[in-house]
Each structure stands twice: as C-alpha cells, then as structure tokens.
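Participant: One letter stands for each residue in the lines below.
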Amino acid sequence: MKRHLTAALVAALLALGPVPAAEAAEITWASQDDAATLDPHAFNHGMTMTVLAHVYEGLVRRDRDQRIEPALAESWDQPTPTLWRFRLRPGVNFHDGKALTADDVVFSIRRALSDASDMKIFTASIVDVRAPDDLTVEVETEFPNAALIQSLPEVRIMSRAWAEAHDAGSPSNVREGKENYASTHANGTGPYRLVSREPEVKTVLEANADWWDPDTPDVTKATLVRIASGPTLVAALLTGEVDFAYPVPLQDIPRVEATDGLKVLTGPEIRTMFLSMDQASETMKYGSVTDANPFRDRRVRQAVYQALDMDLIATKVMRGSATPTGNLMAPGVNSVAPELQARAYPYDPEAASALLAEAGYAEGFRVTLDCPNDRYVNDEQVCQAVAALLARVGITVDVNAMPASKFFPKVGGRDSSFNFFGYTPVNLDAFNTLSVIVHSPKDGRGQWNVGDFSDAEIDGMINEVLSEMDAEKRTELVTGIMRREAELVGHIPLYQQGLSWGMRDGINTPLAIDNRVNLTWFELD
Amino acid sequence: MYLNTIISRLLQAAWVIVAVSAIAFALFQYVGDPVSQMLGQDASAADRDALRRDLGLDRPVALQFLQFLGNAARGDFGLSLQQGRPVMDLILERLPATLELTVFSTAIAVLLGVPMGMVAALRPRALVSRAIMLVSLIGVSLPTFFIGILLILAFSVILGWLPSFGRGPVADIGGWRTNFASWDAFRYMLMPAFTLALFQLTLIVRLVRGEMMEVMGQDFIRFARARGLPARSILVRHALKNALMPVVTIIGLQLGTIIAFALITETVFQWPGMGLLFAEAVAFADIPVMAAYLCLIAVIFVTINLAVDFLYILIDPRLCRGHGASR
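Heads up: the sequence lines are chains Y and S, in that order. Heads up: the first sequence is residues 1 to 525, going by the numbering used here. Heads up: the second sequence is residues 1001 to 1327, going by the numbering used here.
Isolated chain Y (complex conformation):
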C-alpha cells in the first residue's frame, strides 16, 4: 500500500515537470588540503581559515569584491583615532542556541591576543578590549591603525560559555600535551554548523537555519573531502563523485574543461611570487664569489631582473595560468594602485650582461637558488626556468629544491643567498606585505624579508602607512614605497599564481582571489 502511494506521488510530481531534487542543494567539495584544526585562533593557514569562515564569524566580513562589510557588528565608529566602537547585531545566536553578547567578543579577542594564538598578526595593535554594555564593544589600539578593520574578518568570535565549559579557554593544545576540545568541535554563529569531522578525511557542514543574514545560502549541506593526490582529485571530479574540486592541476585544466557538464574557473590569485637576494652578507654564502657579495650591488640585482622573462615563465612553465607582475602586491590588496603591476625594468638580456660587466662580473658567477618543491604550483620547475634564463647572461644557478618543511626554516633563518617563494598579505592590506617583506628586519618587522633588503627612507614611509587614515593619501604613500623599492631592486617580483576551481556546470560562484571557497556564494541551478 505504502509503495503504491509513493509511486503515485512520484508520478504526480513527475507530471508537474522538473522538480528540484532535494539532494541538489547538497554538494561534495574536494581539496588537496584539509583544515589543520577547528580552533579559530590556533593556526593562520589558508584551508583552515576557509573551513572556519563557514562556522565562525568576525565582527566584519568581506564581500565578493573583498570589501569590508558588517557581520556580527552592525555598525562602528571611531570616537578617537585609537578607539573603535562596535555595535553588535542584536538577536544573533551561537549554534548551541546561546545568544551572542559583547562579552563573547571580548573573550574571543583576548583569546586571539594570547601567547598561544597564531592570530596575533591580526590583533597586534590592540591594547584593550572592553564591553560597556551587552551589545557594545570598544577596542583600543596602541596607535592609530588604518589596517585594523582589514584584519578583523579573521578574528573569529566564539562563545565564552562554550569554550570555558570545555576547557578550551586557550588555543594552546599540543604545547601543553593535551587535546583541545575546540580543535575538533566547533560552535560559532556562522552560516554553517559542523555536523561531523574526521580530520584529513571529511568534514560535514549543514546550513544554519538560525543564521542572522536573510540571504540564506543555496547549499544546505556540504561535505568537504580531502584528496591529496592531484590525479585522483581530477578523477573524482570527472566521475561526478565530487561536485567541486580545487586546485585542479594545471595540466588537467583542458581535460576538465573539455568534459561535458564540467567547467574550470581560472584567474590570478592574490599571492605574489618573487625572488629574494641576500643583500646583507659581506660575502656570498652559497656561491662562487668568496671575497664579495655581488647581490649587494644594485646593478647586479637589476641585471638579474632584466635577464628574467616573466612572460615566458607564465606561458611555458605555468601554462598560461600565471599573471606576470612588477609588484610585490597584487591588485585587490587594500591601498595598492593598479599601475604598479607593470615591470620596473624591461626584459633585456643584453642590458643585463652590460650591467654585470659594469659591476665587475663580466664572466658571471655561480649561486645557489633555494626553492620549495611541494608548496606552490610548479615551484621547482619555475626555479629551473629562472636558472635557464640566468645562464644566458652568464650567471650559473644551482637549484636547491626541498620540501616546505625544510625550505622555510632555512630561508627564514637567513641561511640562503638567493631564493623563491610567495606571499599573500593575510589581511589583504598593503601594510602587511610592507611590514613583513619590505621593511628592514628589525623591531619585529621584516620577518620574511629574507634578503635583508634595508632602506631607512622606506622604513619611515612604512610607519606612515600604518597610521594614515586617509585612503587616497595611503595609496599614494604605498605607491611611493614600491617605486623606490623597485628602483633599489629590493626584490624581484615574478608573477601571481593562477587559481583553478573545477566544478560541475550547475554551480555558479565568483572566484575568490584569496583562494577561499565561500559556500554562501554558491548558486545552484
């Protein structure tokens, strides 16, 4: 009887024409990486932040064009240059049903400021945070910080009651040799609730029916699976086992695009890849020149720049997926003017040879290029291409490729003469890159300025960027800094890596330049 009824029902529904299938709103998405933890303050890592953004929210968030818009804070103002006052959105609940209050925000910001937090880069200037009433939060900064609001999307708000009830008041877990409840469980205010999680295998999210935003997401249930092997990831997309997969390996993009019912979104990522040259050592650490350091000579650095054909690297090694650039910061980064993208010196091997001869290295020299081989798209091949291009002007480059777990301690420890890596300003603000990559290595800055490029004038200008509240003036300042940096050839910017998101035709989503998938932006046909 029951079966007949069902059959009749199905027939009736079919007669009505195409019915949106219930499971159409459920998607499986695959990534080569997985979130490392669910603790919102433990690890500033791309995939971790991507997953967390669905469960936890900040006071503000980014729209599809990376502009800041209200989230848990409905509005904010600045009574003084160092004081920010946020009005919280009333009626927001955590997934466990408890209402969000200013006290939760104070707790979360303090947690993000604590020793074991990896989010200190976002909260660095904050000296005090307090809750005058249940829906108001005041944040006081040490100095006027123009980039504060740019950093706040990443400072995620958790429930004090929940964290304290589960002994997760601090993000330190491994250090104390104990498990952290918050690293495997989650309770945020975000558009999705965590249903289940098997680290490195799968994470199931379900739309939060109680979300404050009236723009409810199309995707009602999403299962994130990790597929580390590139060919297997592509196979899973081709067979339809997953609806969305990223990153699609470069060589497979045409194959996926040629498949009926599948498409690949491509575009430049906000990460910029560049070369750093050791300009501090008196003699070369890893090279043939033992009595001097050629990279201390601006002419040699410019020669390296002019010997490199970024277009060739982008089209051949990166198969057209990369975007050559002349700037350490990509368009889309706050306060970066688009005109900086043109290369500072043209590709000209003859001019490069002439510069080398002028600097006294007519015969060239030999140097080791340190390079990661499991971190970026075709990283080792790019280094090989750099070596081949520099060989043409007489510089013999030995490529020393290694896993990221060895590469970053080596170059971070200044144990390198010449190296290749990439950087994304974590809060998509120019000051972050300037502070970390361009500023002299001192006062806690210049941490990844591994060539120890140093210019007092630039350092002073970077300080001004920090506190310049006028957007136009700030952009001018940044432009000035980058022009001078290019004049001194502090670094050699190469290209922006390409993004490649593969998905079935029924999914429509903007491509996020920071490679962070946002399920709330998915529109399903």
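Hints should not be assumed to be uniformly reliable.
[As the list claims (entries may be wrong)] Here are the computed lysine to aspartate or glutamate pairs in the EDC-like style, where the Cα-Cα straight-line distance is at most 16 Å:
| id | chain 1 | residue 1 | chain 2 | residue 2 |
| --- | --- | --- | --- | --- |
| 1 | Y | K202 | S | D1033 |
| 2 | Y | K98 | Y | E164 |
| 3 | Y | K178 | S | D1054 |
| 4 | Y | K263 | Y | E523 |
| 5 | Y | K263 | Y | D505 |
| 6 | Y | K221 | Y | E206 |
| 7 | Y | K442 | Y | D459 |
| 8 | Y | K316 | Y | D374 |
| 9 | Y | K178 | S | D1089 |
| 10 | Y | K410 | S | D1033 |
| 11 | Y | K98 | Y | D134 |
| 12 | Y | K178 | S | D1049 |
| 13 | Y | K442 | Y | D455 |
| 14 | Y | K178 | Y | D167 |
| 15 | Y | K442 | Y | D452 |
| 16 | Y | K406 | Y | D443 |
| 17 | Y | K406 | S | D1033 |
| 18 | Y | K221 | Y | D455 |
| 19 | Y | K98 | Y | D210 |
| 20 | Y | K410 | S | D1049 |
| 21 | Y | K202 | Y | E380 |
[Stated by the list, open to error] Selected chain S positions facing chain Y (in silico; Cβ < 8 Å):
| id | residue |
| --- | --- |
| 22 | A1231 |
| 23 | S1233 |
| 24 | T1267 |
| 25 | F1269 |
| 26 | Q1270 |
| 27 | E1280 |
Bear in mind the hints are in silico, worked out from the structure with no lab data behind them. All C-beta atoms, glycine included, are put in the ideal place defined by N, C-alpha and C.
Go by the hints and put chain S onto chain Y.
Facilitator: The following block gives chain S in isolation, referenced to the frame of chain Y:
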C-alpha cells in the same frame, strides 16, 4: 630448552625495536622543522621559539629520544603536532582501514595466485600460461602508483563502475569501521586492494609455478601415478601440499611488507589508513606520528618473524638444538 630460545628471541626482538626507533629519531632531524608548519607565515620568531621550547624540540636529539622511549614504554606516544590529538588514537582510528585492505588484498593474491601458478606449471606452453606469465611480468615491473592511476582511469573515469577515492560508507561495528558490511562500501575496496595485491600475486604465481614444476618431477609423484591414483588427488593432495610450504612462509613474511608499503596505494586512492597518515606526517614533519608508526611497523615485522621462528622450532626441533650448539 624451548624457554631459553624463546627468551633470547624476545630479547633480540626488543633490541630491534629500540634500534629502529633510534635510527628513526636520528633521521627526523633531516625531515624538516614542524614548527614552521604549525604556525602561519606571519608568526613572529619569538612565537616560533616559544613553541619549539614548549614542544621540547630545542633539546638534544638523544634526550628527546630517551624521553620518547620512556613515554612509549608506558604506552604514551604523545600528541600529533599536526592534529593535536593523541597519536595512539590516530593510529587506532586508521588501523582498521589498513588491516582490511591488506588482508583482503592478500586473500586476492592467494586465491588468484595459487591456481594461476598451478596452471602455469602444469601447462607451461599453453596460451593461458603465457598470458599469466605476461601479467606477472607487468605486476613486477610497473610501479604501484601507476597501476593505481591506470585502474582509476579505466574503472572510474571511463567505465564509471567503481568509486575513485576514499573508503565510502563504512559500517561501524563496535568501534571497528568496516568495508565488509555492505556491497556499497565493499566496492570502494576493490581497486586499492587489487593494486596492492598485484605485486604479491605475481610473487605467488612465480613461486607456486617453480615449486610445482619441481615437485611434479619428483619420484613420489611418479609412484603415485604408477599406483593409478586419480590425477586430481595427486595434484591437490600430494603435489600442491608439498609445493605450498615455502609459499606459506613467503606470504607470512610478505604481510608485514604489505602493511608497511600500503602507503603508496593509500596515497593514490586517498584510503584513510596508516600509510596515508604516515605520508601526511612526513610532509608535516610530525615527529610523534612518524616515530609511533615506525615503531608499530617494527613491532609487526618482529612479531611475524618471531611467529615464523617459533613455528619452525615446533615443526623442526633440530633448529632449537642447532641454535644452542652454535653458542
């Protein structure tokens, strides 16, 4: 007499495990720095140093090793640096996946390999035998990851018969998550198990073929024939039984190898077993996971070898005396 032998073998086994973990610890210094992977690129040098100190990674290797031994003796393998969860939990979580995969693939290898080897031995010039030997040649020479990718291409992408990755909808039976409970989950195991089985299969085919050919030429088979025993009975009860002795030994010893080298198959099929866990741990420089995994593999190898040794002693008591006399 037996007791002495057993005790001395057990002591040897313990030394092997300690030696393996010591070598492993010495090698960990070269796999990279976990701290660089545990904090974002923007963490300050002071933060990194503090974390390194908190984790005890700043102490001399010898000291770290001794502490590891002390904790391991109490069954405490610490926390995974990558996942922040107890290493033992992670391994126990992943163990069923690897065990099911290896046991099933060994079953495939034996059930296919023995008959194939017999056919190849009995009719060496037949077309089917030549085909079997060709397949076994392919099995020996093609790398595992390549076979895996080829299978995915054929059976998932082109034919669409089998799923390409993962374990699928496993059933949870008393905490043991199994692929054997439903066809739906079982399908997920076919390609990884076959990939893993192929090398073992070719080994068995070649071994059975060689042994069978040798046995079939021996006098007792000739006498059995002369007595007019049915061919089937000669083949199974007399020839195969004798030919299988060395095969069983090899299969036993191979089991350890298969568990240890399921790593590549697990990576290709994203099979959430211990091998995949280890591969991830190496990329992350997750020292506690690597150390525990290598110790576990050492324990498995040593246990299998011990069991084989004891079986030999039971079968052939001369070995025991021989051992004593050589002292």
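Participant: Checking one constraint from the list: CA of K178(Y) to CA of D1054(S), max 16 Å. Satisfied?
Facilitator: 12 Å, holds
Participant: Identify whether the interface hint at E1280(S) stands, where standing means a beta carbon of chain Y within less than 8 Å of its own.
Facilitator: Result: holds, 6 Å to nearest chain Y Cβ.
Participant: Compare the distance between the alpha carbons of K442(Y) and D459(Y) with 16 Å, and conclude whether the hinted pair is satisfied.
Facilitator: Between K442(Y) and D459(Y) the Cα gap is close to 10 Å, so the pair holds against 16 Å.
Participant: Would you mind confirming whether the straight-line C-alpha gap from K410(Y) to D1033(S) stays at or under 16 Å?
Facilitator: OK: K410(Y) and D1033(S) at ~9 Å, within 16 Å.
Participant: Taking only the CA atoms, is the gap from K442(Y) to D452(Y) under or equal to 16 Å?
Facilitator: Answer holds: K442(Y) to D452(Y) is near 10 Å, not above 16 Å.
Participant: Can you confirm whether the C-alpha distance between K263(Y) and D505(Y) stays at or below 16 Å?
Facilitator: 6 Å, holds
Participant: Would you check the hint for K406(Y) and D1033(S), treating anything up to 16 Å between C-alpha atoms as holding?
Facilitator: Measuring from Cα to Cα gives roughly 6 Å; hence the hint holds.
Participant: Next pair to validate is K178(Y) with D1049(S); report whether the Cα-Cα distance is within 16 Å.
Facilitator: 20 Å, violated
Participant: Compare the distance between the alpha carbons of K202(Y) and E380(Y) with 16 Å, and conclude whether the hinted pair is satisfied.
Facilitator: 30 Å, violated
Participant: K178(Y) and D1089(S) were given as a pair; does the straight-line alpha-carbon distance stay at or below 16 Å?
Facilitator: Distance of about 13 Å is within 16 Å: holds.
Participant: Identify whether the interface hint at Q1270(S) stands, where standing means a beta carbon of chain Y within less than 8 Å of its own.
Facilitator: 5 Å, holds
Participant: Regarding the pair K98(Y) and D134(Y), is the alpha-carbon distance no greater than 16 Å?
Facilitator: Holds. K98(Y) to D134(Y) sits at ~14 Å (cutoff 16 Å).
Consistency note: the structure conflicts with the earlier hints numbered 1, 8, 12, 16, 18, 21, 22, 23.
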